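Trainee: Residue numbers (our numbering), protein chains in the order written: chain A, 1 to 272; chain B, 1 to 161.
Please note: incorrect hints may appear among the correct ones.
[Said to hold, decoys possible] If you want a taste of the chain A side facing chain B, the calculated C-beta under 7 Å gives, among others:
id: 1; residue: THR31
id: 2; residue: MET34
id: 3; residue: ASN38
id: 4; residue: GLY40
id: 5; residue: PRO95
id: 6; residue: ALA96
id: 7; residue: VAL97
id: 8; residue: ASN99
id: 9; residue: VAL171
id: 10; residue: ARG175
id: 11; residue: LYS179
id: 12; residue: LEU249
[To be verified] Pair by pair, the computed Cβ-Cβ distance ranges are:
id: 13; chain 1: B; residue 1: GLN100; chain 2: A; residue 2: SER252; range: 20 to 28 Å
id: 14; chain 1: B; residue 1: GLN157; chain 2: A; residue 2: VAL176; range: 54 to 62 Å
id: 15; chain 1: A; residue 1: ASP240; chain 2: B; residue 2: ALA78; range: 37 to 45 Å
id: 16; chain 1: B; residue 1: GLY56; chain 2: A; residue 2: ASP164; range: 49 to 57 Å
id: 17; chain 1: B; residue 1: GLN100; chain 2: A; residue 2: SER23; range: 53 to 61 Å
id: 18; chain 1: B; residue 1: ARG154; chain 2: A; residue 2: GLY194; range: 52 to 60 Å
Derived from the structure by calculation, the hints contain no laboratory data. Since we're looking at a predicted model, the values are computed, not measured. Yeah, the Cβ is synthetic: ideal placement off N, Cα and C, and Gly gets one too.
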Amino acid sequence: MPVRVETFDSLDAAASALRSTRSARFFGGGTLLMRAANHGDQSFDTLIRARDPSFRHIRSESEGVSIGAGVTMKEIIAHRDLSFLIPAAQAVGGPAVRNMATVGGNLYANSPYGDLAVALLVLGARIEFVGQGGRGVEIEEFMRDRDRHQGSIVRAVVVPRPRDPSSFRFVKVSRVKPKGISLLTIATYLPQSGGRIRGARVAYGAMGPRPLRATAVERLLDGQYLDSATIERAAAAACDGIEPRTDSLASSWYRREVVGIHLKRLLTGDRR
Amino acid sequence: MARKPLQFQLNGRHQAVFTDDGQNLLDLLRRGVGDLTPKYGCGQGTCGTCTVLIDGEPHLSCLTLAETVDGRQITTTAGLAEGAELHPLQTAFMDNFAAQCGYCTPGMLLAAKALLDRNPSPTREEVVEAISGNICRCTGYEPIINAILDAAGRRNQRRYG
């Protein structure tokens, strides 16, 4: 089915067009929607674009770095204020995909895609929408009920900078080297004070339909020293409360078996 | 269905064409302009054989909305040779047996060109990363990596490019 494309100069105009057009989707970098269109996806017949320059800003704010939803992975990697996000942005696709794929699109990517969103989830990013004032929503709330935001346009993502860059770790596990689709992705943010972990956050990608927090692991890590006994306990509980998905890359059983091993390697700094 | 006028540079030559609403760039280049060098592989951004350069940067033409290239510079494999003289990358691909069935080759050449234009003396790891979005099912990649490193060496020797 042919697709209609409407382009607007402002995000506000695009947002009202999106609200008033049935079967319309907002178009960012194209890596998700053009793919769907190429495969005959009938769930939309209109693509709405915006040329608004504010969609592509990267700006340091007191709370963190505000990244316009239209910023690409390549632009994240190149920006000096976002060096802490390089491992996650670099994990997305090959060079051509990274020139196209946007921050906003990554939030809506279905498993096993959406590697950057796993990092944004663990760092506690906040999502701002076009035409909605206030503080927007925490990424966790957004991920819990993503479909509810299908008719809105993400304006920007505000990412708190990790206090100590080494407290943020990220790994994407793939069968293909150097680059393949995620079997599972793990991001951890373990800020320490007095040697103990305070406010542990751990998130997984490709373990469910969308990025999710590993709350059982977080509870085990919080308040502890990151020593081998703690890491063993965390690894043993890596899949507690989580029902991994089966897809063409790996079964639920396989993901359950290996997630603890990869979590342990990440926490011990074992980069094999 | 609306048709939109579109102007861009293709391999240094001005193009003025109409694009169908929602048409992807690969389809426009192949059917609209007649440049058959970018190939349709997967249509989902996995294989990389449709890679073209937009303003010098690799993009997947099958996932690019054609109307977004208005006013931009596009390079395809058809623009690599100058007359009868092949681009150093093309020569190096032949000399190193880097093409077998040949289907991935246009994308590989352009991914490699984007790398060498930015970084004339890449390491082996940088070459591997540059073609990590391009799948080859014949060669096992080694001849391709060797060809790109070879082309970089020749280009530096001849100060060509």
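Trainee: Hint check: is the beta carbon of A/ASN99 less than 7 Å from a beta carbon of chain B?
Mentor: Where the cut-off is 7 Å and the nearest Cβ of chain B is about 5 Å from A/ASN99, the hint holds.
Trainee: Given the range 20 to 28 Å, decide if the beta-carbon distance of B/GLN100 to A/SER252 lies inside it.
Mentor: Check failed, 38 Å falls outside 20 to 28 Å.
Trainee: For the hint on A/ARG175, does the least C-beta distance to chain B fall short of 7 Å?
Mentor: Not OK, violated: A/ARG175 not within 7 Å of chain B, min 14 Å.
Trainee: Would the hint on A/ALA96 be counted as holding, given a Cβ-Cβ threshold of 7 Å to chain B?
Mentor: Holds, because the Cβ-Cβ distance from A/ALA96 to chain B comes to roughly 4 Å (cut-off 7 Å).
Trainee: Given A/MET34 as an interface hint, is its Cβ closer than 7 Å to any Cβ of chain B?
Mentor: holds, 4 Å
Trainee: How about A/ASN38: closest beta carbon in chain B under 7 Å, or not?
Mentor: holds, 4 Å
Trainee: Evaluate the given range 53 to 61 Å for the C-beta pair formed by B/GLN100 and A/SER23.
Mentor: violated, 44 Å
Trainee: Are B/GLY56 and A/ASP164 spaced within 49 to 57 Å by their CB atoms?
Mentor: With Cβ atoms ~37 Å apart, the hint is violated.
Trainee: Does A/LYS179 hold up as a contact with chain B if the rule is Cβ-Cβ below 7 Å?
Mentor: holds, 4 Å
Trainee: Using the beta carbons of A/ASP240 and B/ALA78, state whether their distance is inside 37 to 45 Å or not.
Mentor: Once the Cβ atoms are compared, 56 Å apart, the range 37 to 45 Å for B/ALA78 and A/ASP240 is violated.
Trainee: Is the distance from the Cβ of B/GLN157 to the Cβ of A/VAL176 consistent with 54 to 62 Å?
Mentor: violated, 34 Å
Trainee: Identify whether the interface hint at A/LEU249 stands, where standing means a beta carbon of chain B within less than 7 Å of its own.
Mentor: Violated. Min distance 13 Å.
Of the numbered hints listed earlier, those contradicted by the structure are 4, 9, 10, 12, 13, 14, 15, 16, 17.
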